[in-house]
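Undergrad: As they're listed, the protein sequences go chains D and F.
FYI, in our numbering the residues of the first sequence are 1 to 105.
FYI, in our numbering the residues of the second sequence are 106 to 966.
No wet-lab data here; the hints were simulated from the structure.
On a predicted model such as this, the values are computed, not experimentally measured, just so you know.
Idealized CB from N, CA, C, for every residue including glycine.
Some hints here could point you the wrong way.
[Said to hold, decoys possible] Computed spacing ranges between beta-carbons, pair by pair: (1) F:186 to D:77: 50 to 60 angstroms; (2) F:196 to D:61: 47 to 57 angstroms; (3) D:68 to F:833: 48 to 58 angstroms.
[Said to hold, decoys possible] According to the in silico footprint, chain D covers these stretches of chain F (three or more CB under 8 angstroms from chain D): (4) 557-567; (5) 831-839.
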Amino acid sequence: MSSLGYFVEQYVLLAGALFTLGSIGFLVRRNVLVQLMSIELMLNAVNLMLVAFNRQYMADQNGQVFAFFIIAVAAAEVAVGLAIVLAFYRLKSSVQSDEADQLRH
Amino acid sequence: MQAIEALFPAQNYTLLAFIVLLPLLGAAVNGIFGKRLGKEAVSLLALSVMFVSFALAVITFLALGHAQEGEEAARFVWKGWEWFRLTRSDGGTVMLDVAFSVDALNGTMALVVTGVGFLIHLYSVSYMAEDPGFHRFLTYLNLFIFSMLVLILGDSLPVLFVGWEGVGLCSYLLIGFWFEDDKNAAAGKKAFVTNRIGDFGLLVAMGLLLYYTGGLDWSSIDNGSKNLLTSVQVWPLGTHVPAASLIGGSFEHWINMPRYVSAATLVGLALFLGCAGKSAQLPLYVWLPDAMAGPTPVSALIHAATMVTAGVYLLCRLSFVMVLSPAAMAVVAVTGALTAMFAASIAFAQHDIKKVLAYSTVSQLGYMFLGVGVGAFSAGFFHVLTHAFFKACMFLGAGSVIHAMHARIHDTDASQDMRNMGGLRKYMPITFWTFTAAWAAIVGFPLTSGFFSKDEILLKAYTSFIKVPATSLSDGAGGSMEVFAWPSWLGTALYAIGILTALMTAFYMTRLYIGTFFGEFKGWKIVKNFKEPTHEHGHDDHGHGHAHHDPSVPLEGPTPHESPWQMWVPLAVLGFLAAFAGWLNAPLFHIETMHHWLEPVFAKASASVELIEGAEHLEYVFLGAAIAAFAGGSGIAYWIYVLQKGKPAQSFVEAMPGVHALVFDKWRVDELYEEYVIGAVDSLAEFFAWADKWIVDFLLARVTAFLVSTSGTALRFIQTGRVQTYAAVMVLGLGAVGWFFVTPRAEATLDSNDESGVYSLTAAEGLGYSYRWDLNNDGKWDGDKGSFGSKTQQSLNLAVKENRTVRLEVKNAFGRTAVRSFNFARPAPDRSGFTSQLEAGPAPVRRAQDLRQLPKPQEMK
């Protein structure tokens, strides 16, 4: 293929920025729902990476296939995660992650 | 007969399967459903399987007799299925089948086992009728018969071993049948443990036979038996005895001298250990007298007639192996003779009727071993046969007596005590007459079965000996093997011990006979739980018991009575056989049926047995000696216990109380074992208990648990329960991994060859790495203006003793670099075995493989 005008660095930089945003969001926000969204952001950064590198190595489509897998797993994870959040909300009437500290020790 | 031969060809003799499996069927059904079936059904099943098994054994025996003509041994085989196969180190395969075979030897034995077994089953049905464990008892008996048949009919040592362990198990179960009493359970345990020592010997023998002869079934052992004459170094165990160098000199030389024996001797001794355990020979006989704790039919069946003769059977079966080693045979013969005399001496002082019979069994087993040991296999086996008849008869008679005594005494020990008996002749005539027949046989009353079989053994003990194997013994190992030849005095010594034992046997058996059946019945004075105050004054009771009884006082309570027909019919059959079975083999009258019948089986072994010359005329001298021993022994007993009313025995006891106490306490062998053997095991167990408590439980378990819990307590502080903390640690870890990837590492594996002086370096590859080298150590990077290239491998030649420092610089995709230098030194040509000398700063590390194999990114446009 012609890789004219295609620079993988741009995508890597974009993905890195997205991932950093996601992780910062996960670390600083206390709202569980926002944290879940931050996780989604990080997952999408990884997906972007996979697809971008797959573009560079066209011999096989592993990267794209992996991206689909991650989308499916992320969907499942969100389903489970939201159920946990719901249960947590019923228990504590709150969605602040600080308050979910009963499972230590 | 033709029909039998057509139905059951010799190579696929399925009838054997029925003989073996019928008792197992009885055991299985009675064991599972016995409680619900009721006593009648249980005894009917147990008796009928035994009877059919016996009938089939008779048919087999007749068919064998029909098939055996002349010198050729008839042999019927039934192969069940393949059990397992072993691959030998030389690539050959050893097949082991679950196969059974029958020939003259074990065909006869099977007749005894099933026949005597049936009679004893019949007896038990009446004897045990009141016992709550009735169905359990018959189950065990049937299981025992099954195991015994597997033992004798098995076609190979492993199959025999299954039966061997099976009879051991049944023996254990039946000795401890009344396990509510601790004493009985302990006796069972003792029998089992003692037998295990012997079983160890049998296992060793199996291993050796497999190694030397390449097989474990009888015909393979036979085929490979010539390999047993190879010499084996048995000493020293390592290359030398380490402690001997402390003494030094000629002693060290002497003790380090290699010693060789033939493999046959090792096999023979190991086999003998196994047989000594099962057949209660010195030093493993101690379990048999205690085994009398079981019900009396068990003593008759297992501990007199069948199981304890398994050792003799095995020695006869492997006679062709045993005769290859004169030394092992001498051990068998001498142990047999000593056991015979030793056990007889203990029987002098016992009062318990079953104890006397037990020691007499040990003594008679000693005779059998003596016969087998001197190579008179058919004589030894003939004694197995006659002993099975007369000793089973005696035990059953004793059971009948005990049964009768229970009318007055409901105490196990007191009802077996001869001091409470006497005069029973009047009350139980059938028991008396059958016991008389058995007594006559065991003391060697002329023309009874025991007379013929014992006489034959004694004659052979004097006349026959084992030749040193002809093809003995070129040794490949360079040492000389000490070949053991029988000394000429051995036969005389064995005979002397044997005839002395015959005298002793006649004495103590007559003592038992008189004490039980003659004189006055002394059971009247017995009250419940009556015990004699001391052992030491025991003997006088034979003479003085009646003196305390005033005949004018009317007798009260039930009197002893004859047993029911289920009990006396077996007694009558066995008594008849005890009296007349000797005519199967009476060389005096030129009847040698038994000998000719067994001859083909022992043909190979007999070739190694020789008779001393000029012994033919001794036959009548020995006959006279045997009759004199009988007459002397029983005459002395008659004089002491009838004419003198036991006074000489009493005065002997008073004169030498120490000796009497020692003999009464069975020479205190049990105490000796208790002190030394069991004591040693106990101390070992105590040490292990200590180790278990302080090393395993404390050091390994508690200290480890303490360390884990302590570190757990410490680590618990960083478990905050806040998800952000955990995530932050993960991000830090991610950062660390990232840092690892952007830092270049200059590493190389070194390959050096001091001989040729060629040293090569392979730089570890990494994603986006490029390299430059400084091979000649001139401070400048090699290549075009020192630019980075893709060359990862370099090699250089060094002169002897030359040193060189090589530098490597690596640049990664981010433009970061790392430098490392490697020192090479080529040592002088080697004299002492040192190899390379590498100095490369920290030890070189091989990089992870997966990193290297990542594809390199394409050059970017």
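Undergrad: So, for every hint listed, does it hold in this structure?
TA: Verification of the hints:
no.	hint	result
1	F:186 to D:77: 50 to 60 angstroms	holds, 58 angstroms
2	F:196 to D:61: 47 to 57 angstroms	holds, 53 angstroms
3	D:68 to F:833: 48 to 58 angstroms	violated, 31 angstroms
4	557-567	violated (count 0)
5	831-839	holds (count 3)
In summary, the structure is inconsistent with hints 3, 4 from the numbered list given earlier, while agreeing with the others.
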